[in-house]
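One letter stands for each residue in the lines below.
2 protein chains.
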Amino acid sequence: MTTPSDPLPPLDPSDWEAYRALAHRMLDDSLDYLRDVRTRPAWRPMPAEVRHALTDEPLPRTGVGDAQAYDDFVRLVRPFPNGNIHPRFWGWVMGTGTPQAAMADFLSSVMNPNVGGLEQSPVLVERQVVRWCAQLMGFPEGSGGILLSGGTMANVMGLAVARQERAGYDVRAEGHGGAHPRLVVYASTEVHGWLKKACELLGLGNTAFRRVPVRDDFSVDPAAMAAMIAEDRAAGLRPCCIIGTAGTVQTGATDDLDALADLATREGCWFHVDGAFGAMAALAPSLQPQLRGMGRADSLAFDLHKWGYLPFDIAVLLTREDAALVRTFSMQAAYLASETRGLMAQTGIFFADRGIELTRSFKALKAWMQFRAVGTDLLGAHIARNVAQARHLEALVRAEPTLELLAPVPLNIVNFRYAAAGRDDAARDALNRAILIELQERGIAAPSGTTIRGRFAIRVAITNHRSGDDDFAALVAAVVRLGRELSTD
Amino acid sequence: MTTPSDPLPPLDPSDWEAYRALAHRMLDDSLDYLRDVRTRPAWRPMPAEVRHALTDEPLPRTGVGDAQAYDDFVRLVRPFPNGNIHPRFWGWVMGTGTPQAAMADFLSSVMNPNVGGLEQSPVLVERQVVRWCAQLMGFPEGSGGILLSGGTMANVMGLAVARQERAGYDVRAEGHGGAHPRLVVYASTEVHGWLKKACELLGLGNTAFRRVPVRDDFSVDPAAMAAMIAEDRAAGLRPCCIIGTAGTVQTGATDDLDALADLATREGCWFHVDGAFGAMAALAPSLQPQLRGMGRADSLAFDLHKWGYLPFDIAVLLTREDAALVRTFSMQAAYLASETRGLMAQTGIFFADRGIELTRSFKALKAWMQFRAVGTDLLGAHIARNVAQARHLEALVRAEPTLELLAPVPLNIVNFRYAAAGRDDAARDALNRAILIELQERGIAAPSGTTIRGRFAIRVAITNHRSGDDDFAALVAAVVRLGRELSTD
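These protein sequence lines map, in sequence, to chains A and B. If you want this note's numbering, it's the position in the first sequence, counting the first as 1, plus 104. If you want this note's numbering, it's the position in the second sequence, counting the first as 1, plus 104.
Fair warning: there could be bad hints in the mix.
Since copy identity is lost for identical chains, a pair holds within one copy or between any two.
In the SDA-like style, the derived pairs of lysine to any residue whose C-alpha atoms are separated by at most 25 angstroms in a straight line are [to be verified]:
hint : residue 1 : residue 2
1    : Lys300    : Gln436
2    : Lys300    : Ile453
3    : Lys300    : Thr555
4    : Lys300    : Ala338
5    : Lys300    : Gln392
6    : Lys300    : Pro162
7    : Lys300    : Asp320
8    : Lys300    : Glu443
9    : Lys300    : Ile556
10   : Lys300    : Met435
11   : Lys300    : Ala441
12   : Lys300    : Ser442
Hint data in this document are derived by calculation from the structure and do not stem from the laboratory.
Taking the hints into account, I'd like the entire structure generated from these sequences.
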């Protein structure tokens, strides 16, 4: 049995100066790694020996020291990310990050506060970030919010608030058993997958999610939604929440948020907006008209690690009324009782009462430092530039006869394909899949793929502050070249 | 309207060498900050001007640059954490972190991968960390797991898996409406607050959570649980999940996990263990007997940012069967379709199908590097030393006639108070509250407070690798001194 006085090697560095030297080397390597990212391929596969080492290594019961652990990282891990730090990565919707925000994550982990609550500066920093975000999104004074790990969590928690506020009974106590009318929620067929997961997790059931058809521009049809609500009401169900999307994941379409806000008001429904990336367009004055109505939402979820260009993970849930968060999530426990003085004074804000997490990391710091260092106007200018780049890419595609656009480009997402005249749809799909894989495997660029109205599309989602004009020209040239090359196989 | 070719100040450093110099200064400052943490008070309140600056500053539309943003951080933020990095912080249950793990967080944010899936090394790193954890916890080959933000999330997701696997119908589709029997779950009255939040969030309702009485040692009474299950079954309810706790937050008690595993098997219930901090005792051979039966759980949740000494946030959910996670959370979407080659090859593991988050940060790296650098045996030795320190503190309290122990000390938590002979219970509570606040405000130490069987306790939870023997002697001396001082007011 260990006794308190047994000497043990510390978990802190046993030699601070030796560790300092190593850490400075890590820092220099890291800055070089990001500065020179453009010289590397957009993506590359792992060699078999790397995969092997990362799969089969036994539990390390004894340590190899910090320097060796770092060398292993440099050899096995760092060369093989999914690539969203690269200027020609446009897959799914991911952000890019910056070295400055990575340093902020380091500073945050050094302080290592638990931002669940308590009397401490990090709680005020998060509150300030949330307030700034509310202001940027057109939310009123008195609105509340909390940082979460990503769009899914922020949306799921938004739906939990919607349910609490519009169930019409004590849903926290009773859940969904019993004699209450079944709750239903409404969103377009283009809504992101989070909603299915949310309905399942919250015990509403996937069948409680009404999928409303979209118009030609991939925005939801508000009249169809209104008709479904009337039908459900007639069938004895309780319409609870209307979900609008600012920037769909497939095409970047934004619903008519003003029309949805009107409908929600008329029907007594909660109005939640999923703005995972699209909400950030509010930072660019030229893009604000597309988001008209977003500031009328009862709750709004969006990421800062996508179009806020911050590293993972950081997202925001805003609610029009702070108290709605508290009504949904607050709980009392003896070990959390607050005081009027000392560490438990809670004169800031008790975030643990506004979400389900009690322990919360200091992810707010990177947003606070980035907002201050570069200013939100410059973030907006980069967002506007990404949209301009999407229009530029759209124009390049339209100008190239062997390419074909597969969806409108309202924001920052471009879906296109190699047209392959004379082939049937299945052959075109196969050819474009092959082109996409070659783009990735040759390290040229990393778009992702999707299916738009039954046709496979090469999908370019631009939330990357490192992309330059030439990168899009290079992409178009490569797709044309690969299309020709792979067609003649 | 911005055009693609508009020159914009970059979000990356405009002068890499200038930023490099600043970053090296940040690193040096940070290492000094942690190396010298013992010379600072355990906690200190924020001055009014700091609070003011962190509350009222307007949205920064224009930037002040990286150096100024850092100086603001140094002045306003860094001096005022909640204090869990300090050797005499023992409040609630928080970890301490290390500079090495903070560097790992930096390295992770530099790579900035999305560990939802895809063909990349970080996915394999997380899978390796999960496998190592499974091995440490006595889980079999074929078990699955995922990293989450904390104990609450890991426990909530564990309960979601329990519901999926034991509801007896297609709960993902149907939710909890309809004609199915109401699901109920069982845990002790000492279970952490996550369970109430989980039942509410999952739509089971808080009333679905059966609170089972505890024995004198604060562990659940399995016979009482069995009786409640029989009663509920007779009433037409469906017992779905039994929850055991390894290390309660109040006193560190561990339920008889073997008895609960037997009961769950007999009743066809899922057996989930909340081992938020207590599960980590499995790393210390001397403590393993207390956890007998834990390896029989269907799912187990625990933190690495508590007794794993890593910075926030990182927790683990293990499931005995990997497929149970997939059955609970998997979903298909066109934009996530996988391929056999390229970035979407998914030859690793698709974590987004094993939880609700699609975007996932690379929190695995700090665990991977720490496990390799120091070895899990040394982590276990520090855990055992923390338990020995709790017993040492218990002995100090017992030896001091003015102090009184308020609960058994089975693990790393000590509840005690200044006895204040001749006073009634209300006066004793008030006096001990005052002692606790003075301990914090004078920067001597930061325990937290709680109520044990109606009596206010000064609660010391030791998950701190920086605490030395002298720190506990200093605490006892200070409580005695403050008790005397405040009694004579």
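How the hints compare with the structure:
no.: 1; hint: Lys300 to Gln436; result: between (31 angstroms within a copy, 10 angstroms between copies)
no.: 2; hint: Lys300 to Ile453; result: between (32 angstroms within a copy, 21 angstroms between copies)
no.: 3; hint: Lys300 to Thr555; result: within (19 angstroms within a copy, 41 angstroms between copies)
no.: 4; hint: Lys300 to Ala338; result: within (24 angstroms within a copy, 34 angstroms between copies)
no.: 5; hint: Lys300 to Gln392; result: neither (29 angstroms within a copy, 41 angstroms between copies)
no.: 6; hint: Lys300 to Pro162; result: neither (38 angstroms within a copy, 38 angstroms between copies)
no.: 7; hint: Lys300 to Asp320; result: within (23 angstroms within a copy, 45 angstroms between copies)
no.: 8; hint: Lys300 to Glu443; result: between (41 angstroms within a copy, 23 angstroms between copies)
no.: 9; hint: Lys300 to Ile556; result: within (20 angstroms within a copy, 42 angstroms between copies)
no.: 10; hint: Lys300 to Met435; result: between (27 angstroms within a copy, 8 angstroms between copies)
no.: 11; hint: Lys300 to Ala441; result: between (36 angstroms within a copy, 17 angstroms between copies)
no.: 12; hint: Lys300 to Ser442; result: between (38 angstroms within a copy, 20 angstroms between copies)
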